[in-house]
Each structure stands twice: as C-alpha cells, then as structure tokens.
Amino acid sequence: MSNPARLPAPGQEGGEREDWRPAPSLRGANELGAALAERFAGRVTARISVPAREARFADFPETLEPRLAAALRERGIERLWSHQREAFDHVAAGRDVVVVTPTASGKTLCYNLPVLDAALRGGAKALYLFPTKALAQDQVAELSALNAAGGLGVRAYTFDGDTPADARRAVRTRGDLVVSNPDMLHQAILPHHTKWAQFFEQLAFVVIDEVHHYRGVFGSHVANVVRRLRRITAFYGASPRFILCSATIGNPREHAEAIVGGPVAAVTESGAPAGEKHLLLWNPPVVNPELGIRASARSQSTRIARAAVQAGLKAIVFARSRLEVEVLTKYLKDAFDHDPRKPARVNAYRGGYLPEARRATERRLRDGAIDCVVSTSALELGVDIGMLDVAVLNGYPGSIAATWQRLGRAGRRQQASLGVLVASSEALDQYVVRHPEFFVGSPPECARIDADQLLILVDHVRCAAFELPFRAGDRFGPHDPTPLLAVLAEDGVVHRDGAEWHWIADSYPANAVSLRGVADGNFVVVDLTDGGKTVIAEVDHASAALTLYEGAIYMVQSRPWQVERLDWVGRKAFVTRTEADYYTDAIDYQKVKVLEAFEVAPAGRGECAHGEIHHVRRVTGYKKIRYYTHENIGYGKVSLPDGEMHTTALWWRLPDGALDAAFDSRWAALDGFLGAAHALHTVAVVRAMAEPLDLGRAVGSGQGDWHAVAEPGGRGAIRDAADRELDPADLARFEPTVFLYDNHPGGSGLAAPLHRARDALVADATRLVRDCACAHGCPACIGPVLEHDEHRGRDAKGSALRVLAMLAEDPGAVTPPVRA
Amino acid sequence: MTARPADLAALRARIARVMAPPAPTPQADAGPEAAAQADRLAAAGSMAAPSDDLDVSALRQALAVRARRAQVALASLPGEDVADGVRRIETRESFCERMPERRPDWVRDDAEAPGELVFVDTETSGLSGGTGTLVFLLGVGRVVDGALTIVQYLLTRLAAEAAMFDRVAAELPDAPTWVSFNGRAFDVPLLAARQRMCRRQDLYTGRPHWDLLHPLRAAFATRWDDCRLATSEARLLRIQRDDDLPSALVPEAWRRWLQARDAGGLAKALAHHRQDIASLARLLVALDRVYADPEAHGADAEGIRRRLARLARERRRSAAR
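Heads up: the protein sequence lines correspond to chains W and V, in order. Residue numbers for the first sequence follow our numbering, so the first one is 1 and each next one is one higher. Residue numbers for the second sequence follow our numbering, so the first one is 1001 and each next one is one higher.
Keep in mind the hints are simulated off the structure, nothing from the lab. These figures come from a predicted structure and were not determined experimentally. It is possible that some hints are incorrect.
Claimed, not checked - On the chain W side, residues computed to face chain V include the following (Cβ under 7 Å):
id, residue
1, M184
2, A188
3, P191
4, H192
5, E201
6, L454
7, E467
8, V487
9, E490
10, G498
11, S507
12, Y508
13, Y589
14, Q590
15, Y635
16, G636
All C-beta atoms, glycine included, are put in the ideal place defined by N, C-alpha and C.
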C-alpha cells in the first residue's frame, strides 16, 4: 500500500488539515452550535431546538420527618421540584408510582424521600434494584452523603456478587436499605428468604430504577421475579409499595404496570429546570462524488468534540462499540493529552474496564477534572457523572429512545447544551439524517415484555415452588399455576400432596435460569509486560472471541497491548505493551443450519417451518487497520472455538426456481428477500413483545453453505462459509431462507407461537411495507435504502412486496392499503 | 444451563396432556377487549385463561386409590403414625459407656454444665441449600439408664412438616445440649429455615451445641484420608455396617416413597440414619478418650494441643468480656 505520510486523502481522520477552531470569544454550547451550523452548513441536515424549561417548585410535605427535612436543608435543598412532591404524595396515598424524568432532574429523591421518611419513623425497610452493580454503588454513596448530613443513622448496604460472605449476615439483619440487582434477588435472596425473614417482615418499599432497561426477554424474566417477590413478602405479611423510575419511553406507565403486575400511577412532568437544548443532525461531507463516499463519522465526531473542548466546554462522545471508543479516544488524546506530565483531559469509559478505573473516571467527571469522555452505552444509564455541555453521538444508536437518553447526558439546569448526531455511512444512519422528520416526528419506542411467555413462566414457577410450596388457590401473578405444576410433577421436581405442591428435587433451580440469557465466565486480560502479572481488564464471554484473539491489539484508555496468548479454557488473555500504529478488527461470520423441523406448513409458493437450528458465529481472522488513514495493512488468521448456539427458530423458504421466475435478476430477488426478512422481523418482534435483539434474523441457504447480509451500505450480498463473496447467479440452487430465531441458547420460547401466527405475520409485514409512507423503502419497513438508489428509484420496496406476496397463503386476503 | 424443553409446542402439548379436560372456552361475558387479549396471549404462547375446572370426580377416584396404596405401604414400615404424615420410630439398644457430666474442654461451647445431651441428625431431600431443601427425617438420641433410645420422626407426607416439628418439640427435654456431626454448619441452619417456613419456633439456633466434626478433624485430619463419620466408625469405633444404604442414595429413597410408594429404600434409609445417631453417641465417648491420650489412639497430638490451646484462649477472652 502507499505511504501514509503522503496521504491527506479522502476519509482521513482526526488529522484533517482544514482544521477549524471556534473563535476565542465564543460563549457556551448554544454559540458553539450556531458557529458549527454556520461554518458547516452543508453538513448539518437539521437543527432542532428544545426550549428551556422553568423550574416548578413544591414545598416539603408537612408531614415530612423533621430530621429528614433538616438533612435536606443541610445539603442545600430548601424546596422540592414538583415531580418529587408528586411522587411522594402518590406513595403517601398508598399508590405504586412510576416517575419518568430526564437525566439530572433529581429523580433519586423521588424514592429516597418516602423511603427515608418511613425508615426514620421506625422499622420500614426498602429494597432497591438497579440493573448494574455500578448504579447500586452510586446510590449507596448518595444515601450515605444524605445520611451523614443529617446524622440520620439509616443503614444502606449494597448486596451483590461482590459482597463478602462475612458481611452478608449484617446486610440481611441490619440493613434498612438493601441495594441490589434483579439477578441477585432471583438467585441469592429469594431462594434463601428465610435468612432474610426480618428484612421481608418489615419490607415497606421496593424501588426499581431504570425500569426501561427491563425490556423483552430480560424484562419478562424480571416481571416474574417480581411475582416471586410478592409471594415471599405475602408469606411474611408484608405488602410493599413499588416506586419505579424510567427514562423517557413511549409507554412508561403501561410498562411499569407490566413489571409490577398491578396499577401504577405515573408522574411524567419534570419540575426540574433545564437549559435550552440544541440538536444538530450531521452528515459527513461527500469526499468522492463519483462513488458517493462520505468522510467517516469518526473524523467528524473528533472534530466536533475538539471544538467543544477548545471552547472550554465539557463533552461526552458516545461510540457504538468498544473498539470505536478506543480509536476515538486515541484521536482526542493525540489532540489534548500529548504531554504525559499533565493529567489527562480525555478519558475512555466502557464495559470491560476494571470497576476501580470506572469509578475513578466517574469521579473525575463529577469534579470537572476531565474535559471529554468517550463512552459506549455504559454511560447512557444513570451513573452520576455530573453535568456536561456537549454530547456527540458517533453514529445513530439504533432507537429514538436511546438517542434521547444519550443526548440527555449533556444538559445543565441553567445553561444551554448541544447535541450532535453524526451519521455513519450505514444506511440506517444515512436515512435518519436525510429524513429528520423520521427522528423528530416519531415518539420514543415502547418497552415491551410478555411476562406470560410459557417457557419463562415455567422457569419461574419452578423457582417459586422451590421458595415456597404452592397451596390450592395460590396464584402466580394472575395465573392459576396448576397446569405448570402438573408438568413439573411429571418431571419429578415437585410433588403434590393433597392441596399442596412441594419442591422435592435436589437442585437449585434459580442457578439454571439466567435473567439475561448470557453465558457466564468473564475473561481477564493479564499484562505480562516487564515480567509482571497485572489484570488490566475484564471481557465478557460474548466479546472475548472478537477482541482477545492472538495477535489482537487490545486497548485500554487507547493505550495498546498485544494479545500474546489466549487461554480459552482458563478464561485468560495474556498481553504485553506494544507501540503499534494500527489497531485490529475481527472478521467474523454467522451461519444457520437447520437441525430438525418440528412442523412444516405451506406458505404461498413456499413453506414455513419451525424447529431447532444450529447457529454458529466464528471469528476467522482479523484486519490490521492503520490509524487516521484507515488503510488495511494486513491480515491475520484466528483459530478459536466457534460460538455455537442451539436454539429454536421459524423460517420461510421459497423453492429453487420460484424467485427466478418472479424476478429478472437474482440480485433484485435477493434485495427483495432481505427487505421482506426485515419487515417480517419487525412485525414478529412486536407480536412477540420482544426486543429486536431477543429475536435473531438471518438469511441463508438453510444448509449453512451460504448466508446473505445487507452490507453496511444497504445492498444485499452473499458470502460463503469462508467469507468469500459469491455471485447469486452462480449458485446451482437458489433457495433463500429467512430465519427468525430465539437469540438465547436453548430458545426462549418465541419461535413456536410466531410459527402459529405465520400467516398473520406475512399479512402484517405486507401491510407494513405497503402502507409505509416512504417511496422506495425505509428503515421502518424494509430496512434502510441507499441514497443513490432512492434517487434512481430502484424499487427495493416493490421487490420486497413481491417476495411477501409469494409467501402469503392468499395474497388477495391482505386488505388494500389505506393511503392518506 | 440445565436441560429445558427444547420447544414451546412440546411444553404446551404436555400441559394439555397432564391437564384434563381441555382448556375452557372463553367466558361468554368477556368483552371484545378481553377476547383480543386472550387471542394475543394465545398467539404469543402465553398461558391461556386459567383452567380452574378440573375433572374433579376422576381426580378423587385416582387419589383414593393412591391413598389406599399408601396405607398398605406405610404398614410395611416400622413404627407408628403419630400424626397424619408423621411416623415415629423408637428403638433402644444397650449403652454401657458413661456420658461426660461436664463439658469436655475439647468442645467449643459456652455452657459449662450441659443440659441433657441429645444426639441429633437429619436426612434431607438434598444438599443444594436454600428453601427448597427439606428435612424428611429427624432423629434424636438420648442415653438413659444404660440404654440409648433413638426416636426418628419420618415425614411420610409433605404437608405434615409442621406437625413433625410440633411432635419433636413436645417430646424434647426442656434445655437440651445438642450433639451433632457438622450440625452447626448444616443441620442447624437448615432446621432454622424449615421451622421458619412452618412458622414454628426455632429450637436449635443459638442453643448449647457440641459439634464433633471439628474435634475429630483436629485429632485425625493428618492421620486419615478424610474425617467423615463413616471413616471414624471404621478406624476408631470399630463399627461394621452391613447392607448399608450410602448417604448419597438416601434422598432418592425418600423420593421413591413419595412418588411410587416404594418403601423398600426408605426402610434402609431409616436403618442408615439410626446407625448415624448411634455412632454419634459412641464417637462422643471415644473422642473423650482420644483427647485424654492421643498416642494410644494414633491421633495427632500436636493438632490436639493446638485445638485445646485455641479453645482455652477463646474462653479466657470471653470470660474477660
């Protein structure tokens, strides 16, 4: 390849020559936004403003415990914001409540106020559940501060996997507030509830924060854990109030009610003040008009973050992958942290860093000691990092709700803030910036769960029977669990004695049920440099194959290590410090093979089946990519065990020849098939009340010899098992199959009911595509369509409709579209 | 992950099979909204409307047959029913050894003068821990007038657990000193959990308790391969068990009884458990001799010296407080 020094070429990143610095006189995020929009008018496709919001105050409740009121005043809180008072009043009136609030609106007081008030009056205990350990620890720190301010003497403890065995007894018997997570409740607390008897007898509140996080299969599990919790509290004669908090989603109240299984009052208007917010949608400039190639999002994000820091503003950059975090951090550190004697101004933050390192970064952010943080979605959740001025999103996060959550990280109470959404070259991003109305006009996504999904339900009835015998008339949630208990009795794990069902097996069922459906066993990254043996990071099982193969460059705070040896069985990667001018990116492929079809039904000119599949994800090698120029400077081979999963799926297949008869070219047929697959996936996820990630989607031959993907650019392509691109015209048989599979090992129970609803799915998908207001296809129906395809009128939408018609049992039965 | 139904359809089929008759039709008065909700649940593979209407008469018949079979099977077990589902089995054997009258100094316990010594041991449905593990056999041994009397309380019905604890409490002396083998770590927490589940007072936690596992370990950990009770029988007590049911198979024997009314394994489990308690009583006497003269019994004198010194330190410290 060419010499990078001579390459100020298209797409060059970070080190662009056309550098732009904000004028020194510039004040605040709004002026930065205006200056950027003016200077780069061609790149800003939309400017959106959210006006400032005035504070709405409310007095402390008259009945508030005087010591608590004094502690609040000690902390400088003289009045409440209206939503805090509203939440308190709902709880005082005996209602469960969900509070929907933006970041930095004092939501913790919404639950701490009633909880501490009751604790100070004597005896009332509370269980706090957070989705992550980090959030739980934050919360205890905040409670301790309030406690100390008022000398309240309320004991708050975390209880999680890190709590030492000898401290657990004190937590159980002496904690007024126990701060934990749903997984611990499920696996450690409920199955040992007799040890927690005192705690449960006095349990007055259950606080579930970040409840929007509990969606799809995970949320369905959590709702069942709450059902089990209610059985246990009832056994101890307690009926706690539930206080929930959620980020902005489409259906906060409905979602909270689905999680707790009962009516919930919603507080949706924040009384906290907020400065005005400006949002720019940013499309990188076209650098090669012939090929339609745009500059990379990274170059733009780096530039915007640099301008923010130069203007004296605090910035956060959200990247969509851990690797992207490291690369962006390097570019920003090259600009601001070249003097090693000075404290770093730029930090990276992501999963995989050691907890102490993450805590340190959070602390430096709160103290304003760093100017810019680059993060994955890890900082999208409510970790307290203080307030920032500018949020740069390197790529569209994939949902409107997540976009607003990330943008919400920038926002001060009195000053303006700026958010910039920088589109990547991926078709979805390109669509969003080309059609700002898609983003502005759509409500945030709804959180969906199906707590009654049978396989999940039977898992939790099993756990519940272990915890307490079922007696005649007992319900599980709203259900009579008898049919499920009869099945468990047949398996010999429960035994019926008259009107009671008892657990009799010698096993601990909660250990066999993972709420998050992920394989366990983190990998540790061990630094062997200079004969040492230091753990520098932890990598979850799912990412290990993609980041820790031998030869990989592994980065922490953008400092490179090279992986020397990977001990797959021992879950260790040994690395040494290196000085590389490149980073590595794994090449992986996925394939799906049918193991057994349980049921095959005709579907139009093809068939629809459900059964068991074998899903393989294999890392075959890696690319070495040079910084800034992004040239590919070499490849390496990787030999690792396949990531394998047996799961259940449903699939549609058209026989050989059917598509050839209906389409002029196999390319067009493939585009249509991929578009149809996208639409089927969208409607299936909604019908199953799942999250997109719970239900995998794959298009392939079904024998595993080839698979088709929509390339990042939006065009379909076919690759074989060795990741070589094939021309579909060369295939002897052209029998594409679309798989929708349970994306949890062993299956999570979505595929079979979807198969029963197969005709409705095809009809729904047809309606979705046909009634979509777009002209040629869009992310809402068949998946994003390329800009130049849109201009040329390539009819991917029509192709998808043609494929769906071929899969429909009776194409005429689909009602004609209603167009405005 | 453990095995789970590979597929939801299979689970639904099983539910349909084990539950007769088929699921009821939607209620007539349910509005269109409820019907739509039912459709959605069915489509998504959810529980259909709860099926409360079982075929009750058929079920009664089946249960009556099962109850008669249970009666026959029960009659083959020793002992007598003292409550519905609680079998009490009492045995006596001669026991000429003298029990210690004061607390031996090799025992960790605060009470200087023991209450009546009660040897206690349980058999459980498993070792998994948590509230799903239950005690189906609780035995207590007492030495009175040259005889060891062992009373075993066997749960023959799951619903009788509370009745079993009531019966045990009624027959116990007022202030017993428990003697066990690993009871502090295993039996006492388990009994505490079970009594809590039955809403009964906890008779075991925080009471005087001599756990013989730790003194046995101090004396023989360096001499024997392991310090299980069975090992002490072979190497110290010279007890030979014939046709013994291994401990690991005891829970299974009880499950066979519950599920198939097969009393064969249960009778063996009772014998195994009775021998455990008898050995416990003999082990207490034997350990007293071992601590008096370690070399004569092939014990680790240094280990014993260390244990005695540590216990003496602890007693001084607690006396100082």
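Checklist entry - Taking each numbered hint in turn, which are not upheld by the structure, reported in ascending numerical order? => result The structure breaks hints 1, 2, 5, 13, 14, 15, 16; every other hint is satisfied.
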